[in-house]
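Visitor: For this one, chain A is given, so just place chain B on it according to the hints.
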Amino acid sequence: MKAVLDSSREYAATKKKNHFLHNIKRDSLLYFLLLLPIGYILIFKYAPIYGLVMAFQDYNIFEGIKGSEWVGLDVFRFIFEQDSFYRALKNTLVLNVLDLIAGFPAPILLAILLNEVRQAAFKKVTQTVLYLPHFLSWVIIGGMVYLMFSNSGMINNFLAGFGLDKIEFLSQKTPWLITYISVGVWQNIGWGTIIYLAAITGINKELYEASDIDGCSRLRQMWHITLPGIKSTINILLILQIGRMVSIGFDRPFVMGNSLVNEYSDVISTFVYRVGISSGDFSQATAVGLFQSVVGLVLLLSANFIAKKLGEDGIW
Amino acid sequence: MNTGKKKRIAILCSTALLAIAAAGCGNSGKNSGEGASQTAATESAAASGPPVTLTVEVFDRGVQGQPDLNNNMWTKYVNEKFGKPNNAIVEYVSVPRSQEIDKLNVLMAAGEAPDISFTYDGTTVTRYAKSKGIYTLDELLEEHGQQLKSYLGEKVLSYGKYEGKQVSIPGKRTLLAWNGMFIRKDWLDKLGMPVPTNKDELYDTLVAFRDKNPGNVDNVIPWATAAAGMNYTFGNLVQSFWGPMTEEEFVTTTNWLKPGHKDAFKWLNKLYNEKLISPDFALDKTTKQADADVTNGKVGFYAANWDYPLSQKIREPLKQNVPDANYVPVDTFKNDEGKYLKEVYNENGIFSFIPKSSKNAELAMKYLNWMADPEVMFFLQFGEEGVNHKLVDGIPHGIAQTGEKMQTSNLNMDYTPIVNGAELGDTEKNVRTYAAALAAGDKSYEKLATDSYKINTTDGYSSFNYGVPNEANIKYGKTLGDMNKQMIDRLIVAKPAEFDALYDKLVKEYMDAGGQAVQDENVKNYREVQAKNK
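Respectively, the protein sequence lines represent chains A and B. Read left to right, the first sequence gives residues 15 to 330 (my numbering). Read left to right, the second sequence gives residues 556 to 1089 (my numbering).
If we strip away everything but chain B, and leave its shape as in the complex, we get:
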């Protein structure tokens, strides 16, 4: 009797386990069933029948207090204005911002990437296009994307071409500044020093920050940075060391081999060894420590995004912790020709594309086209008047919101992949609008933003658009990118006596690991493009 009971219990347990396993397996079956019905629905494309689900990628930036990325004011608007008329449900698939490419690779390989996927990495798009994993968009754009086409224009669209075919839709970048450098004006005033205008003056200022500690803080950090720089760069420091070179050299030569590049890192190395740079910068892989140091008022100088001090994560805590702190934009890395050479962005933003696995290519294009409607774009960037912004002299001033009305990225750029930066027609207005939207109309930030934008587009150059993919870069690009970051960090913390030998050794390793191949192909492509233009 007892064994019989045991037996029954055991069988019950095991069947339950089997059932769970079966349910696990069954799930995928159910999904594919749904997929099939989706296809059917698209084919009929009638306004009636069950709605089609259009999936769209969105970045999850892990912002504190962020709403459900698939259910908030913005997604509701999209579903109301675009979804309903097209008998579609727009569903947002979130991808962690810091691992976007890793996650995208996995989604693409599994055939589960959203109907509209995007990435800032052009090489990744080229790689997908080369493997024929994404749609060519020329016909779709012609048929369903006229509004989008005229909004973006030929130039911007040309960044999304591969072998003459449109494979992605680049966003339009309205503000081209990339990096910015900022210094504590209140510290300078306390020390009676002027704003530095070249490297030597900056050096003296940093030494004064270290020795006199004008903010009277523990562990003052004259120059804060993070692993490989706060924005993958040290402002335009490196450019200011470059010597004269031909245009071809300037475009095609690996930075590590450019004349003067070594001296730039030698200078940084000297600064690090004199304790003028964050001591643990190389361990700060996520820039969290640098952010904390800045907002705790320990930092005298830093180079980051041109709009870094405007962003909510810096502005609000800094105002609370150190109300007197006043960071002003500076231009301090002057080269031998007296110019403040710096890299700015090309006119393109993020690249949106439609994976081959998508059953809704037509609808996806319609969605992007719909977004180019000025009214739609205005709403997605600035929200509702009186709720998300108030209009002052025709410029929308942002009202910070929490919960489902919050914007998790600057001007909702993660929901509007076809545009990056404020879009109100002209640049000056765009800059002011951008500042006003971020800093809720605070005049001092508006000045900060316009000054910073002006400084950080002066003497700007943008990266050369070859128009053809660099095969070697597709193959070695990621490895080289990683090496690049490690080299920067190791060179800065090296012992001064070992610097020269280390530099030569690392650069040789870099060139052997594919750097040479990339450079050779750059030269080849550059000459072809120049020949064609003549």
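Excised from the complex, chain A in its bound form:
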């Protein structure tokens, strides 16, 4: 009996192995092509991880990692003692949460609306126009924002023409936050619809036809067919977005920020830029980067866990 079991196990193992080899052989070309992205990730994503040891050193740029002195957790201690670090962390979270609230549903709505547009030409043109801002650099957008929203900018001049008070879009907390978030939504909304539109295309057409026959209204179709059809896509994108909650792009807060709103616009990326590149303290910059990645990972895992508990597909 035991012998039989053993041999069957062995058999299964060899079969599996053969299967694996067989697969590789069958699709050798595909695997060959895969080498390139794998190489890219190894060289540019895994190899630099070695640099993380700088966070535990008093890093001397001339001695390099090998010659620098080990200081344990001193660098972290120094960072966690700084008020400006907590401020940067808080601002990063606040800006990202606001971005999530305003920026996440926007492309979904837009995609559903675009999907309802009958005239193909109009739809194409609208889509293209909405994509465009995505390809503008933040430096350019920053210039446009300044021209439109500054105290002597277009909108305030317009208001002044009607004898209205000026609104300090760029130099006071709440108006600045609103400007910051809206400009972000404006820039990303078109681009964000691409994935959702693709997901909508994947929904079985027969469902719509059947509901038409049953006399279902347009709105009902959106609610009962389109939305559930792209639910899993929404889920995955949401989880990914939550994983990115502690990381924030550099350009947008750096370009849109100024000294008057620095209390709200100084985020982790600008903090890292300031201590790391401008002051040449690479240990601190690395430590903050490491901290950011760890928190990001925790958030990603918890979001995934919750999604699975709620019976949805996680990202793995």
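By construction, these hints were calculated from the structure, which means they are not laboratory data. Where hints are given, some of them may not hold.
[Claimed, not checked] With beta-carbon atoms standing in for the labels, derived distance ranges:
id : chain 1 : residue 1 : chain 2 : residue 2 : range
1  : A       : W84       : B       : T1005     : 54 to 62 Å
2  : A       : V131      : B       : K960      : 39 to 47 Å
3  : A       : V111      : B       : K631      : 29 to 37 Å
4  : B       : K1050     : A       : W84       : 49 to 57 Å
5  : B       : N828      : A       : D97       : 22 to 30 Å
6  : B       : G798      : A       : I63       : 52 to 60 Å
7  : B       : P872      : A       : I115      : 43 to 51 Å
8  : A       : P242      : B       : N828      : 55 to 63 Å
9  : A       : D97       : B       : P814      : 22 to 30 Å
10 : A       : P189      : B       : L746      : 33 to 41 Å
[What the hints assert, rightly or not] Here are a few chain A residues that face chain B, going by a calculated C-beta distance under 10 Å:
id : residue
11 : H36
12 : N74
13 : F76
14 : Y160
15 : E182
16 : E277
17 : Y287
18 : V289
19 : S292
We put the beta carbon where it would ideally sit given N, CA and C, even for glycine.
Guide: Positioned in the frame of chain A, the structure of chain B alone reads:
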């Protein structure tokens, strides 16, 4: 057959991609190979053999119509006169002016900084010296830099020392004025007002500019400024509010805690809230808006560099847009003792140093030494007679040039790090020369320059040279510098009722973030220096 063809195409594509990737990797390998051959060449140091490449930093100021910074009249001269005899090729590595320190940090960390690198920031040099990332220059200077040594002199060289060792070569600053304040004389004449001589008169003048709009322009700006001031200051306004203090306090106390400092910002705050200061100044991080306002003739008064109205970016457009505009230098911030106290520069300019990664330290020193030759320096500052200048009474008058004969910085200071300002022997001549060189000999500018220089060196004091680095400043300096700028802006735009509370809150934050540590070390260092001098 079809799949076979596809396969071949795919393999071809992927090999091509791999080849590109490999080429990308290979590049660095090739560079290091070159580096190795360079070392060999320096070691042999013979006049024959392949030439050595000496790399030298140069600022890229993004001047309109500027030539290739590594291939123009000046670099050709250097390569002809210095490169050829020394069997070297001098190559200029450009670094954006506004991000010089960021870029330098990256270059230094990567071991790719030019053989001669420089910065105006003394703290950065100290930080490199402390990490042992740059050469100590005493022996090199002794051996290959005698001409340079005698040109700069002990005093100037002392600014480049760290722990008694020469770690950088400071440039010699021939003109010491820093800030200058200027007012529209033609507007004053129209209003029948005199040139203001104190704060109250200036205030009345600014109000008159606002209410009577003598230039008849849209959105008149009585006092133009940019984020944290057009030149990191508001002229000597702040100094004029300072109360009496001991010399030790004057030198070591953080400005924010000096008696009267708060009142200075309160006054600016009042002016801002009465719409006497540029409404968007805090958003103007690059001073571009302030420049535009000045050259469009909207501005009555401003404080900037003492030579700001002479510079080409202001002089030419202003002449075109508003030919009648006449800015004259003024001295209007008088303190209680009746003095016009203002900060002037120390005698040093930019700090040049040689990174440890350099294989050509000896040649680098020879290059700096060669530049101290009066003939060489004259050519680099003023160019060729008849082309870049004409001599009038022994003073070179500049001829504006475009293309490869253009100077991208005042008197080519970016190519001549050992000197800052005209160098013709004596100060008065230097000022006149400076004005003549910048304004192509236009007499009215010469007067403007000499007046401005005189005003802006009157009652001047320069920052104290401790001679030892302030460790706390190395650690917190950059953060404090950033905070400083933000505090200035926020205090000026604050609501008047909230000013006092905000001032106290911000200053406390500043002191907690390292301001106190810097000040304590300043006091300690100051006392040590004083004790030594006694």
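Visitor: Are the hints correct? Go through all of them and say.
Guide: Checked hints:
1. A/W84 / B/T1005: 54 to 62 Å: At roughly 59 Å between Cβ atoms, B/T1005 and A/W84 fall inside 54 to 62 Å, so the hint holds.
2. A/V131 / B/K960: 39 to 47 Å: With Cβ atoms ~60 Å apart, the hint is violated.
3. A/V111 / B/K631: 29 to 37 Å: The hinted range 29 to 37 Å is violated for A/V111 and B/K631, with Cβ atoms some 58 Å apart.
4. B/K1050 / A/W84: 49 to 57 Å: At 50 Å between Cβs, range holds.
5. B/N828 / A/D97: 22 to 30 Å: 29 Å, holds
6. B/G798 / A/I63: 52 to 60 Å: Since the Cβ atoms of B/G798 and A/I63 sit about 56 Å apart, the hinted range of 52 to 60 Å holds.
7. B/P872 / A/I115: 43 to 51 Å: Since the Cβ atoms of B/P872 and A/I115 sit about 46 Å apart, the hinted range of 43 to 51 Å holds.
8. A/P242 / B/N828: 55 to 63 Å: 57 Å, holds
9. A/D97 / B/P814: 22 to 30 Å: 27 Å, holds
10. A/P189 / B/L746: 33 to 41 Å: 37 Å, holds
11. H36: 18 Å, violated
12. N74: Since chain B brings a Cβ to about 5 Å from A/N74, closer than 10 Å, the hint holds.
13. F76: 4 Å, holds
14. Y160: Cβ of A/Y160 sits 6 Å from chain B, so the hint holds.
15. E182: 9 Å, holds
16. E277: For A/E277, the interface hint holds, since the closest Cβ of chain B sits about 8 Å away, which is under 10 Å.
17. Y287: 8 Å, holds
18. V289: 8 Å, holds
19. S292: 6 Å, holds
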